[in-house]
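2 protein chains.
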Amino acid sequence: MTDGLIKDLAAGIPKDAIVTDVDLLQSYRNDMATFCPAGTPKVAVFPRQTEHVQHVLRTASKHHVPVVPQGGRTGLSGAANAIDGCIVLGMDRMNRIKEIDTANRIAVVEPGVLNYELSQKVLEHGLFYPPDPSSWDISTIGGNVATNAGGLCCVKYGVTADFVRGLEVILASGEMLKTGRRTAKGVAGYDLSKIFVGSEGTLGVVTEVTLALLPQPSEPRTVAALFPSVRQAGDAVARIIANGHQPSLLEFMDQASLRAANAYKNFGLPETAAAMLVAQSDAAPEQAKADIAGYARIFEDAGGFDVAEAEDKEEGDLLLAARRESHFALERIGTGRLIDDVCVPRTELAAFVERVEAIATDVDLLIAVVGHAGDGNLHPNVVFEASDPAQTERAKQAFADIMAVGLELGGTVTGEHGVGMLKREWLAREIGETSLRVHRELKKVFDPQGILNPGKVFTL
Amino acid sequence: MTDGLIKDLAAGIPKDAIVTDVDLLQSYRNDMATFCPAGTPKVAVFPRQTEHVQHVLRTASKHHVPVVPQGGRTGLSGAANAIDGCIVLGMDRMNRIKEIDTANRIAVVEPGVLNYELSQKVLEHGLFYPPDPSSWDISTIGGNVATNAGGLCCVKYGVTADFVRGLEVILASGEMLKTGRRTAKGVAGYDLSKIFVGSEGTLGVVTEVTLALLPQPSEPRTVAALFPSVRQAGDAVARIIANGHQPSLLEFMDQASLRAANAYKNFGLPETAAAMLVAQSDAAPEQAKADIAGYARIFEDAGGFDVAEAEDKEEGDLLLAARRESHFALERIGTGRLIDDVCVPRTELAAFVERVEAIATDVDLLIAVVGHAGDGNLHPNVVFEASDPAQTERAKQAFADIMAVGLELGGTVTGEHGVGMLKREWLAREIGETSLRVHRELKKVFDPQGILNPGKVFTL
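Each protein sequence line maps, in turn, to chains B and Z. Take 1 as the starting number for the first sequence in UniProt numbering and just add one per residue. Take 1 as the starting number for the second sequence in UniProt numbering and just add one per residue.
These are computed hints drawn from the structure, not numbers from a lab. Just so it is clear, the structure is predicted and the values come from calculations on it, not from any experiment. Don't take each hint at face value.
With a straight-line cut-off of 30 Å between C-alpha atoms, the simulated BS3-like cross-links for lysine-lysine are [unchecked claim]:
| # | chain 1 | residue 1 | chain 2 | residue 2 |
| --- | --- | --- | --- | --- |
| 1 | Z | K7 | Z | K156 |
| 2 | B | K289 | Z | K98 |
| 3 | Z | K156 | B | K444 |
| 4 | B | K178 | Z | K7 |
| 5 | B | K396 | Z | K178 |
| 6 | B | K444 | Z | K7 |
| 7 | Z | K156 | B | K62 |
| 8 | B | K156 | B | K313 |
| 9 | Z | K444 | Z | K62 |
| 10 | B | K156 | Z | K444 |
| 11 | Z | K178 | Z | K98 |
| 12 | Z | K444 | B | K178 |
| 13 | Z | K313 | Z | K7 |
| 14 | B | K396 | B | K121 |
| 15 | Z | K178 | B | K444 |
| 16 | B | K289 | Z | K289 |
| 17 | B | K313 | B | K265 |
| 18 | Z | K7 | B | K121 |
| 19 | B | K396 | B | K178 |
Sample of chain B residues with no beta-carbon within 10 Å of chain Z, all distances over it, derived [as the list claims (entries may be wrong)]:
| # | residue |
| --- | --- |
| 20 | N148 |
| 21 | K178 |
| 22 | A188 |
| 23 | V197 |
| 24 | A263 |
| 25 | T272 |
| 26 | T335 |
| 27 | D375 |
| 28 | K423 |
| 29 | I431 |
Where a beta carbon is used, it is the ideal one built from N, C-alpha and C, also for glycine.
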């Protein structure tokens with residue numbers, strides 16, 4: 001504790017906000033990514049107010065020490081992994097919902113608020129905060145902003161960025177930058193908010209978020225169908241979009257994930273089906289009924305079978321349960337898992353899944369595909385035995401091959417999980433040299449010393 | 001024509017794309033703003049393809065000559081005004097709609113495409129491009145991107161930025177930067193697209209835009225009502241939002257603009273009314289009917305009178321006509337006009353209009369207010385005799401006072417018209433020193449010599 005850095009930190013933040021215990025520090029090394037190196041922090045600090053964050057960043061700047069901001073550490077790309085000797089900046093204690101303004105439909109929150117908590121709170125006011133990553137009960141709004149989190153809602157409602165009106169951000173220097181505004185519209189100056197959304201902690205530390213809210217939609221109605229081939233499921237998705245529908249949810253599971261779901265919680269899904277689609281409409285009740293009937297017709301026309309319309313919310317939840325729990329179902333079938341996150345034009349859904357199937361055959365591993373069919377955002381899960389080095393190597397190969405296919409089909413290597421450390425080399429492949437140079441120069445504007453989460457997204 | 005700059009330009013673009021005639025150049029000096037200085041360009045160039053734009057910017061960089069990009073020159077803030085000795089870069093000949101992909105609901109267009117043309121074209125495919133600035137029949141998509149144009153649609157559908165998926169941008173160096181993607185989602189790297197949207201030609205020249213489209217909504221239904229006081233109209237707006245409604249249009253006119261409308265085209269609006277509201281719903285027919293009935297009830301509860309529900313589209317157009325034509329109606333009642341563009345939290349609508357009324361009394365001028373009530377984005381029109389220097393001075397004072405009130409009420413000085421030259425000092429007041437410094441440094445990343453539309457938005 002005689003270390004200059006720790007002493008300087010302690011001069012501006014309460015003692016109980018500073019963790020230097022080596023054992024405790026171990027628990028702040030990782031997010032939930034596989035195969036990403038994680039160092040050991042020198043110290044972890046847990047600010048309770050903006051001024052603490054400013055003090056931490058001023059101190060880090062003075063000592064040239066890297067700072068790794070963390071939310072719920074639910075990320076899947078290693079963006080929140082610690083760096084040896086860094087300051088871990090845990091934002092979860094800044095967790096106040098400061099304001100819910102129903103008349104202007106905005107919420108002002110600190111970054112440590114859980115997505116779930118905010119969503120429930122605004123519901124009490126008849127309002128709706130759409131972004132719903134699978135991790136919503138354990139991930140924070142700050143983390144959601146840092147990764148531009150998506151979820152099942154995106155096909156109709158968009159991603160986190162679409163709801164960020166304004167930010168309070170602390171730059172590497174400790175300076176406070178206010179971006180955006182509370183109003184519905186505004187074009188005064190550059191859109192600085194959106195530079196920070198999805199920047200994975202490399203440009204600044206968000207200490208306050210002003211979010212747009214929507215009126216609460218109707219209870220969604222649900223329909224699900226099974227398909228004899230992925231091609232037919234992909235066709236059904238394309239037809240739904242081409243027919244001008246706007247489902248509030250349109251999810252996909254392939255045969256391997258259906259089987260995993262059955263193994264996990266006997267859902268009784270026919271394991272001969274090549275794919276399942278689940279669609280919802282949250283339009284006003286009469287319209288939703290018509291929508292669901294329309295989706296059902298399209299499912300049948302495209303060759304779907306066991307088309308099941310839910311009678312009520314419980315039945316709808318049941319139809320969606322296998323998809324919602326697929327993350328856990330797939331976790332159980334191997335000791336290792338790499339979750340990919342490619343987003344392709346939605347018309348390429350079937351082509352993409354077929355290519356993934358070919359890769360699975362090639363590497364002789366199970367690859368289960370679930371995802372947000374309506375967005376073309378798919379999550380191939382490469383399952384392997386972590387204790388088997390050969391399998392592990394093949395899994396990594398498959399993971400890379402999947403991204404290559406995504407790019408080949410006009411897609412992106414990451415639809416919602418972010419780049420972190422896991423996809424750093426792939427970012428360069430996707431965006432090219434000019435864009436990468438611009439990224440580096442933008443970072444310099446906000447973080448000239450390069451202390452903010454260095455080595456994440458791209459190398460300096 | 002022996003000038004080195006012109007010679008170098010001619011080496012890479014066709015002769016008929018270069019205008020040096022002094023008389024002709026006069027017509028490229030201004031956009032539609034009042035009181036903004038405009039210089040005389042040395043040359044105007046009209047590229048037909050991306051390579052031409054690259055050549056122009058390389059040449060400008062070599063000669064250190066400022067470049068002023070122009071679209072339809074319909075802007076209201078002087079952002080497209082020429083600078084003495086500059087190259088005017090007229091983008092209107094790059095006007096191809098390259099692709100409309102119905103299955104993925106995207107359009108790829110060159111910047112010179114008119115908003116109206118694109119909107120009509122996508123309608124033929126059953127699709128919808130919402131942004132609808134009043135200038136839509138003469139403004140270009142490139143200009144819309146540069147100013148992040150809004151319109152009447154915004155209350156439900158958002159602004160241009162919400163529809164930009166990706167851009168091809170030429171930087172000051174002539175380098176091509178591709179931003180964003182075609183897919184519905186994507187988080188690979190920083191969101192570079194949004195930095196350019198609304199940057200008013202100061203960061204790069206957009207040569208291609210990938211836009212998201214929506215399915216075509218139903219024919220909107222319309223209801224209008226008059227109000228004995230602005231306060232009651234404001235109350236009605238607040239109640240509509242608080243009741244969870246999502247009108248597709250919610251427009252406001254004050255007494256002065258109602259009178260101007262009558263004077264322009266005898267609309268027969270009761271001139272004793274303090275305000276009018278017009279609302280639309282474009283939900284599915286049954287829902288729209290219910291919505292409109294709900295708005296009507298709220299209008300009545302808030303003290304509105306002459307509440308009129310349109311029977312069909314023509315009647316709806318009629319109800320909206322006075323608002324749609326208010327720009328032209330107001331143009332006729334004075335020889336000078338300054339159009340403000342403040343956006344306040346929508347609950348502050350009445351307070352704002354009342355403060356504007358007080359300013360009008362103070363400066364002894366007519367100020368007519370129309371605007372997008374549902375967004376809180378209002379356009380006070382300060383009317384004056386341009387030949388009267390004292391009136392002109394008072395008009396400028398009123399224009400500034402209105403912005404000050406906007407900021408005081410938690411709003412922004414510009415909701416959709418942009419900063420340009422007109423509101424440059426006000427930008428600094430709104431965003432503060434740290435943000436302004438960040439703006440300057442961001443510009444340096446994309447335009448290190450400062451040749452791109454210098455002096456617009458902020459001074460270097």
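For each hint, the structure was consulted:
{"no.": "1", "hint": "Z/K7 with Z/K156", "in the structure": "violated (50 Å)"}
{"no.": "2", "hint": "B/K289 with Z/K98", "in the structure": "violated (37 Å)"}
{"no.": "3", "hint": "Z/K156 with B/K444", "in the structure": "violated (37 Å)"}
{"no.": "4", "hint": "B/K178 with Z/K7", "in the structure": "violated (46 Å)"}
{"no.": "5", "hint": "B/K396 with Z/K178", "in the structure": "holds (29 Å)"}
{"no.": "6", "hint": "B/K444 with Z/K7", "in the structure": "violated (37 Å)"}
{"no.": "7", "hint": "Z/K156 with B/K62", "in the structure": "violated (47 Å)"}
{"no.": "8", "hint": "B/K156 with B/K313", "in the structure": "holds (19 Å)"}
{"no.": "9", "hint": "Z/K444 with Z/K62", "in the structure": "holds (17 Å)"}
{"no.": "10", "hint": "B/K156 with Z/K444", "in the structure": "violated (37 Å)"}
{"no.": "11", "hint": "Z/K178 with Z/K98", "in the structure": "holds (16 Å)"}
{"no.": "12", "hint": "Z/K444 with B/K178", "in the structure": "holds (20 Å)"}
{"no.": "13", "hint": "Z/K313 with Z/K7", "in the structure": "violated (56 Å)"}
{"no.": "14", "hint": "B/K396 with B/K121", "in the structure": "violated (41 Å)"}
{"no.": "15", "hint": "Z/K178 with B/K444", "in the structure": "holds (20 Å)"}
{"no.": "16", "hint": "B/K289 with Z/K289", "in the structure": "holds (18 Å)"}
{"no.": "17", "hint": "B/K313 with B/K265", "in the structure": "holds (20 Å)"}
{"no.": "18", "hint": "Z/K7 with B/K121", "in the structure": "violated (65 Å)"}
{"no.": "19", "hint": "B/K396 with B/K178", "in the structure": "violated (41 Å)"}
{"no.": "20", "hint": "N148", "in the structure": "violated (5 Å)"}
{"no.": "21", "hint": "K178", "in the structure": "violated (7 Å)"}
{"no.": "22", "hint": "A188", "in the structure": "violated (5 Å)"}
{"no.": "23", "hint": "V197", "in the structure": "violated (6 Å)"}
{"no.": "24", "hint": "A263", "in the structure": "holds (30 Å)"}
{"no.": "25", "hint": "T272", "in the structure": "holds (29 Å)"}
{"no.": "26", "hint": "T335", "in the structure": "holds (28 Å)"}
{"no.": "27", "hint": "D375", "in the structure": "violated (4 Å)"}
{"no.": "28", "hint": "K423", "in the structure": "violated (8 Å)"}
{"no.": "29", "hint": "I431", "in the structure": "violated (5 Å)"}
When each numbered hint is compared with the structure, violations occur for hints 1, 2, 3, 4, 6, 7, 10, 13, 14, 18, 19, 20, 21, 22, 23, 27, 28 and 29.
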